[in-house]
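Peer 1: One-letter residues, chain by chain:
2 protein chains.
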Amino acid sequence: MAQERSITNQLLFERLKVKDQLKNDEVVKLEGWVRSNRNNGSIGFIEFNDGSSFKNVQLVYTKETKNYDNIVHFRTGCTIQIEGKIVLTPENKQPFEIHLIDAFLLGDCSEDYPIQKKRHSFEFLRDIAHLRPRANTFNAIFRVRNKLAFAIHQYFQERDFMYVHTPEITSNDAEGAGQVFHVVSDFKDPTAFFGGSSASLTVSGQLHVEAFALAFRNVYTFGPTFRAENSNTTRHASEFWMIEPEIAFADLEDDMDLMEDFLKYIIKYVMKNCEDEMNFFNTMIEKGLLDKLNHVVNSNFVRMTYTEGIEILKNAVKAGHKFENNNIEWGMDLQSEHERYLTEVHVKGPMFLIDFPKHIKAFYMKQNSDGKTVAACDLLVPQVGEICGGSQREENYEVLKKKMVEMGNDKGLEWYLELRKFGGCIHSGFGLGFDRLLMYITGMQNIRDVEPYPRTPGSLKY
Amino acid sequence: MAQERSITNQLLFERLKVKDQLKNDEVVKLEGWVRSNRNNGSIGFIEFNDGSSFKNVQLVYTKETKNYDNIVHFRTGCTIQIEGKIVLTPENKQPFEIHLIDAFLLGDCSEDYPIQKKRHSFEFLRDIAHLRPRANTFNAIFRVRNKLAFAIHQYFQERDFMYVHTPEITSNDAEGAGQVFHVVSDFKDPTAFFGGSSASLTVSGQLHVEAFALAFRNVYTFGPTFRAENSNTTRHASEFWMIEPEIAFADLEDDMDLMEDFLKYIIKYVMKNCEDEMNFFNTMIEKGLLDKLNHVVNSNFVRMTYTEGIEILKNAVKAGHKFENNNIEWGMDLQSEHERYLTEVHVKGPMFLIDFPKHIKAFYMKQNSDGKTVAACDLLVPQVGEICGGSQREENYEVLKKKMVEMGNDKGLEWYLELRKFGGCIHSGFGLGFDRLLMYITGMQNIRDVEPYPRTPGSLKY
Chain D
-3 MAQERSITNQ
7 LLFERLKVKD
17 QLKNDEVVKL
27 EGWVRSNRNN
37 GSIGFIEFND
47 GSSFKNVQLV
57 YTKETKNYDN
67 IVHFRTGCTI
77 QIEGKIVLTP
87 ENKQPFEIHL
97 IDAFLLGDCS
107 EDYPIQKKRH
117 SFEFLRDIAH
127 LRPRANTFNA
137 IFRVRNKLAF
147 AIHQYFQERD
157 FMYVHTPEIT
167 SNDAEGAGQV
177 FHVVSDFKDP
187 TAFFGGSSAS
197 LTVSGQLHVE
207 AFALAFRNVY
217 TFGPTFRAEN
227 SNTTRHASEF
237 WMIEPEIAFA
247 DLEDDMDLME
257 DFLKYIIKYV
267 MKNCEDEMNF
277 FNTMIEKGLL
287 DKLNHVVNSN
297 FVRMTYTEGI
307 EILKNAVKAG
317 HKFENNNIEW
327 GMDLQSEHER
337 YLTEVHVKGP
347 MFLIDFPKHI
357 KAFYMKQNSD
367 GKTVAACDLL
377 VPQVGEICGG
387 SQREENYEVL
397 KKKMVEMGND
407 KGLEWYLELR
417 KFGGCIHSGF
427 GLGFDRLLMY
437 ITGMQNIRDV
447 EPYPRTPGSL
457 KY
Chain S
-3 MAQERSITNQ
7 LLFERLKVKD
17 QLKNDEVVKL
27 EGWVRSNRNN
37 GSIGFIEFND
47 GSSFKNVQLV
57 YTKETKNYDN
67 IVHFRTGCTI
77 QIEGKIVLTP
87 ENKQPFEIHL
97 IDAFLLGDCS
107 EDYPIQKKRH
117 SFEFLRDIAH
127 LRPRANTFNA
137 IFRVRNKLAF
147 AIHQYFQERD
157 FMYVHTPEIT
167 SNDAEGAGQV
177 FHVVSDFKDP
187 TAFFGGSSAS
197 LTVSGQLHVE
207 AFALAFRNVY
217 TFGPTFRAEN
227 SNTTRHASEF
237 WMIEPEIAFA
247 DLEDDMDLME
257 DFLKYIIKYV
267 MKNCEDEMNF
277 FNTMIEKGLL
287 DKLNHVVNSN
297 FVRMTYTEGI
307 EILKNAVKAG
317 HKFENNNIEW
327 GMDLQSEHER
337 YLTEVHVKGP
347 MFLIDFPKHI
357 KAFYMKQNSD
367 GKTVAACDLL
377 VPQVGEICGG
387 SQREENYEVL
397 KKKMVEMGND
407 KGLEWYLELR
417 KFGGCIHSGF
427 GLGFDRLLMY
437 ITGMQNIRDV
447 EPYPRTPGSL
457 KY
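Protein chains in written order, with the numbering used here: chain D, -3 to 458; chain S, -3 to 458.
In isolation and in its complexed conformation, chain D is listed as follows:
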């Protein structure tokens, strides 16, 4: 059995788009899965999907079809091979169907198959992560996930950014947050394997990739990162993928230019290359999804300082707006409700909030000349609030060293400090959580539903 001998749904749909490429009576051979099978005694219909396309193909059979007596018993979920004739149906919702000549079973499906032709809750499907890719919604999600991941590589490769595989196992963590997973080979002597170093799973590749930006100018990392936070929310996962570009000879303005251009590119790419899936999400998951995304793509992202943002929020409170936390003060860490007010109510579109108080941001961020703020930016979008954050990095050796000591980040990061001593330069970067971005683009509300095998506190099947 060689793959080449058969065609796929995807190829049929592609040929359909080209005039006269798909013709009546052409005989095709396909393998795939039965999504449903119904017949009224004289004519039968199989919704057929071979995994190559989001859309199903309709197979039609009658008593004259060879093997009819077996075909009527094909169950939802079973694997079949078919031979049939193309019948164009331009007046119908599905532009063609296949009239079966013959079909036979490649792999049966037991009657207790949990994915039947009815609506299943996402909670139910989460428990069968090995089967849910066959359900429509998840079929669509993982297709978009694939295209989105490739769009990211393509964007950076077209612009000569270098992809760097930063390590998963590390002796330091970028944020100093402490919420890390430890990696051990032998519980009796947890640091023995790495010669006395305690090992943890990375929370960010940023510090590691900065060293590469100072050799290759424009670089990015895109890989798994981890948080051992015991947060059972719809937006937290213990394992998720992160995109972290780093650009040399670039300040915060350059960084924001890149973020804006990058985000627009990948959203456009997905809308163009996953039309069927995005229409599905727009209809079934989030009404107005495409409008939301088109608005982002067509907006000029507003840039506003944190200090201005605080003034706007104060004025909102004065004017009677009620936040959960109404106590707006310069120096506070904004909550999602505050961010959403700024982007949804005030700006009415995507925006960068910049120049944050230094004490609420990480040690590596460039100190501004006011002595109080750092050259950081958060990208805020309607409905979500912060979707990604970046900063110019502190390139001054003395300033950085002082901050690392003050904030307790000096141990084990001598090499990071050295980058400022040996041919440093201004450089900037940002971090974007891939899975949350996928939620935003598909309208899915739970991070567990956009990851192939989600890892969250409390369970670890698979």
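Source of the hints: derived by calculation from the structure; they are not laboratory data.
Treat each hint with caution, since some may be false.
The list treats identical chains as interchangeable, and a pair is accepted whether it falls inside one copy or across any two copies.
Said to hold, decoys possible - Okay, derived cross-link-like pairs now, EDC-like style, lysine to aspartate or glutamate, Cα gap no bigger than 16 Å in a straight line:
hint, residue 1, residue 2
1, Lys417, Asp104
2, Lys457, Glu414
3, Lys457, Glu410
4, Lys288, Glu340
5, Lys62, Asp98
6, Lys457, Asp406
Assemble the complex: chain D is given as a structure, and chain S must be docked to it using the hints.
Peer 2: Frame of chain D, contents of chain S only:
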């Protein structure tokens, strides 16, 4: 300072390739690093690299250059910004140089900069992983690493394979090898975080990705994998990237067709897109490297059964060939010396060895009708031996269940077995270690020298 205002070395080299695109006297502005700086009192030369290209650009300055007194003191490693005029030098080794109008320091480099204009040992450079990307060899390696990674995505995306992010943290390991890293949040209660499940770092995404092949037909995973083996060899790392495609409705022959086509494609891609780097490796690292790779690309990979292989090895021993292990018997696990004899001496080119005794292979491999062997293949190449392995997977529920129980792999893999119950089909796949492949393609002899921050037993800096 905006990136866009400056040009890069890479863009200059690209324009040089197009007739009349790069002209004498054009004024350019660049930022980058000084690789070396020498002058004889009246004329000076800076080897300049801005990270965008493997090749350096030569900057020329004289006493008439603005800022001459500072320029002469630019040290190896420092960061500079320059303005200069293009001077085409088609008769020289470097086809153009830049005559400086002005240059100034963006970031100084301390005198104790460890990378000086001389040959450093790879061992020495390994200890400064944050700086070694600036050394020629590592500059070349990480460029090739980048292109190779992208070639992999492009190959699969062009063929409509779906990229799946299989999990890093898992409750099972594919091989049952036991050499895994454990993941813990709290040492006092190691399984508490994941609700009583013990968590480890994945050794392979294969089992997880199989579920996706049975929904999407053709899929692949490409991500980090881990081994807690205490092996201090030049070919073992604790963390490395692996490529694992899985194809449905495909047998071992299809699998080998894919392996051969894939390997040729990515090698060709790198040779075409990293010409300068590959010439460097061919000259400085492995004489004959390009011949070796061209031989692979132009060979038809021979296919031979394990049983035939054993006969050939037995005959070699009879004819007087001395192996370290001369005791050739059907059922043995071949050593590298045996593999190399077959591919180097007997076949004289790349080859697949297929149909291995079942007891030396993993539980999930398809049992052949002889009852003794499984439909597995190892791809052997001269100089290395095995470079990757694949197999057709056991799709028969009862046969697989029996083997899982016999081989002790039944616990926690009920979901994997279920894939044979709910619309299974014949399917196949392979696993290819990315870092070892990169060693093969560049001629580098130590896995520590092809990973950005290698993780091996005994140390964990960074």
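Peer 1: So, for every hint listed, does it hold in this structure?
Peer 2: Checked hints:
no.: 1; hint: Lys417 x Asp104; in the structure: between (66 Å within a copy, 7 Å between copies)
no.: 2; hint: Lys457 x Glu414; in the structure: between (43 Å within a copy, 14 Å between copies)
no.: 3; hint: Lys457 x Glu410; in the structure: between (40 Å within a copy, 10 Å between copies)
no.: 4; hint: Lys288 x Glu340; in the structure: within (12 Å within a copy, 60 Å between copies)
no.: 5; hint: Lys62 x Asp98; in the structure: within (5 Å within a copy, 83 Å between copies)
no.: 6; hint: Lys457 x Asp406; in the structure: between (38 Å within a copy, 14 Å between copies)
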